[in-house]
Every structure is written in C-alpha cells, then in structure tokens.
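Here the protein sequences come in this chain order: A and B.
139 is the number of the first residue of the first sequence in this note's numbering; add one for each residue after it.
255 is the number of the first residue of the second sequence in this note's numbering; add one for each residue after it.
Warning: the hint list may mix true and false statements.
To be verified - Here are the computed lysine to any residue pairs in the SDA-like style, where the Cα-Cα straight-line distance is at most 25 Å:
#1 A:Lys274 - A:Ser235
#2 A:Lys196 - A:Met182
#3 A:Lys174 - B:Ala274
#4 A:Lys175 - A:His260
#5 A:Lys196 - B:Lys364
#6 B:Lys361 - A:Ala221
#7 A:Lys175 - B:Thr299
#8 A:Lys269 - B:Cys327
#9 B:Lys342 - A:Pro171
What the hints contain is simulated information worked out from the structure, not anything from laboratory work.
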Amino acid sequence: MRSLTLAALFTGASAFLISSAFAAGFFHSVKDPATKKECGACHMVYPPALLPARSWEKIVGDLSNHFGEDASLPDPVRANILAYLTQNAGDSGQTNSWFMRGVRDNVVPPRITEMPFWRGIHGGFSPASFKRPGVKKRGNCLGCHS
Amino acid sequence: MKRALIFLALASLSWGSAMAFADDRRDAILADLAAQAVAADPAFTAFSADRGKAFFLATPSSGKPDTPSCTTCHTKDPKAKGQTRAGKEILPMAVSKTPDRFTDAEKVAKWFLRNCSSVLGRECTAAEKGDFITNMAAQ
Chain A
139 MRSLTLAALF TGASAFLISS AFAAGFFHSV KDPATKKECG ACHMVYPPAL
189 LPARSWEKIV GDLSNHFGED ASLPDPVRAN ILAYLTQNAG DSGQTNSWFM
239 RGVRDNVVPP RITEMPFWRG IHGGFSPASF KRPGVKKRGN CLGCHS
Chain B
255 MKRALIFLAL ASLSWGSAMA FADDRRDAIL ADLAAQAVAA DPAFTAFSAD
305 RGKAFFLATP SSGKPDTPSC TTCHTKDPKA KGQTRAGKEI LPMAVSKTPD
355 RFTDAEKVAK WFLRNCSSVL GRECTAAEKG DFITNMAAQ
C-alpha cells in the first residue's frame, strides 16, 4: 500500500517535472564554453546557481580528488571556470537565491544533493527511485527532469 | 548522375585526406613520446601494442577505489562505447571506430594525467602512453 502511494506520488511528480518548461531550460542554461566543455566531458553541466560560491571554490580547488576521480585541469582553464561558477553562484546576488534557503553561513555544502532545497524537494523519493535504469545516480538531474 | 559522381569523388577525397591528417597528428604525438621514452631509458626501442593491451586491461590497485582500471570507463572492448561514472557516453577508444582519437596533443596530455592518476595513483611513463596509443591505433 505504502509503495503504491509512493509510486503514485512518483509518477505524478515526474509527470509534472517532465512537462515543466522550467526544468528543461534550466538544466541546459550554462553557456560558458569552457565550463560546458570541461565539466560536460564527464557529467551534466550543473547550473552554478545550485551551490554557493564557497562550494564551487572548494570543488574546483580540489579537482585531483573530484568525487573519487582525478579531474585536474591546467590552470588558465581551471581559473576561468572557477570565475564563471562563482560569479553566477547561488549567493552571487545575480541569481535566484531560493536555492540558498536553509544553507547556514558556516557550512560549505559539498554537493548539490546535500543542499537543503534539494533534500526538501526530493526527500519523499525512495532510494530505489534514484537507481532506476535511466536515472542511476542522484546527481543525474536529467534522468527525471527532461 | 555526373554531378553525384563528382560529389562522391570529392567527398571521399576529403574524407581520405582528413584521415591522413589525423594519422599525421597521431604520429607526431607518438614521435614526441618516443623521444621522451628514449630520454628516460636509452634501451627503449619501440612501442608495443601487446604491452599497451596488457596495460589497458590491468587492475593495478594503486589508484582510487572507484577507478580500479582503464576498463572501468572504457570497457574491456576498445571498439565498444564506454561510460563515465556519472553515466555519460564515451566514444570507443579504437581508432578504427573513432578516427580522431589521439590527435590533439593537449587533450591527450590532459586525459593521461587525470586517468593515470585515478587508476594508477601516479603519472604514466612515456612508454606506457605510447604503448597505449599504439594498441588503440591498431584496433
């Protein structure tokens, strides 16, 4: 019964998200060529507004230990990408600060799926729903939002 | 008809020369690696596709736990498509399948640096890099 409710909830939610023009445009909104090329070589290009600038500094400052991989970049490229990400970060004032809700000043969120907004929205989904074949990982936004 | 033939002839010419150009650039990268290999070891003679194949399939267990082997992302079959850990498709490493492989020196250097560090926990030697490319070029 519980799984039925969850399934109904999930289908309803994904139907909503799939039809959402917001999601489709937003997840493809990065236009910066170096960011698209280098970050996009391995995974979807996350819009910088999803994290505060301090998180981007931490991530791009330690690319040789990037979520279990060495993703290091030569310096002019790395610095340009970091500048783009921090200038357009969620707390840069240029973008929707809604993503920053609930983030404490003394915390550096290590990844998007640990942001309070992300947990708030996705808290109801079972771990299995993120393991479905077209999704596989929590960080694969486009697995559901496209 | 005649037009179509001329078009076909031109298309195959430019395809052919694009391939030859790619081969030149790959050869230049290999020549550079060979010079480095000799500098590191005067006894070095030539790259070996067999050594490259063994290197590709090995599981050195000196790198990061999530990337035990080159085959973690590139699969054991160089002619098959691979996948990043995040699920993004990687075109085959075999030059017969992806003709512009190993033709951009900067790209080659960047990925050897990263992937050798992830899989082996160190930089690859010039000999290992040359063997790897030689094997993929023969596939």
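Cross-check of the supplied hints:
For the hint linking Lys274 of chain A to Ser235 of chain A, the alpha-carbon distance of about 28 Å lies beyond 25 Å, and the restraint is violated. Simply put, Lys196 of chain A and Met182 of chain A have alpha-carbon atoms about 19 Å apart, close enough for the 25 Å limit, and the pair holds. Between Lys174 of chain A and Ala274 of chain B the alpha-carbon distance is near 30 Å, which puts this suggested pair outside the 25 Å criterion. Between Lys175 of chain A and His260 of chain A the alpha-carbon distance is near 28 Å, which puts this suggested pair outside the 25 Å criterion.
Using a Cα cut-off of 25 Å, the hinted pair Lys196 of chain A and Lys364 of chain B holds, with the two alpha carbons roughly 21 Å apart. Among the hinted pairs, Lys361 of chain B with Ala221 of chain A is consistent with the structure: their alpha-carbon atoms are about 22 Å apart, no more than 25 Å. Restraint check for Lys175 of chain A and Thr299 of chain B: not satisfied, since their Cα atoms lie roughly 37 Å apart, outside the 25 Å limit. Distance restraint check for Lys269 of chain A and Cys327 of chain B: the Cα-Cα separation of roughly 19 Å lies within the 25 Å cut-off, and the hinted pair is therefore satisfied.
For the suggested pair Lys342 of chain B and Pro171 of chain A, the alpha carbons sit about 18 Å apart, so the restraint of at most 25 Å is met.
The earlier numbered hints that this structure contradicts are 1, 3, 4 and 7.
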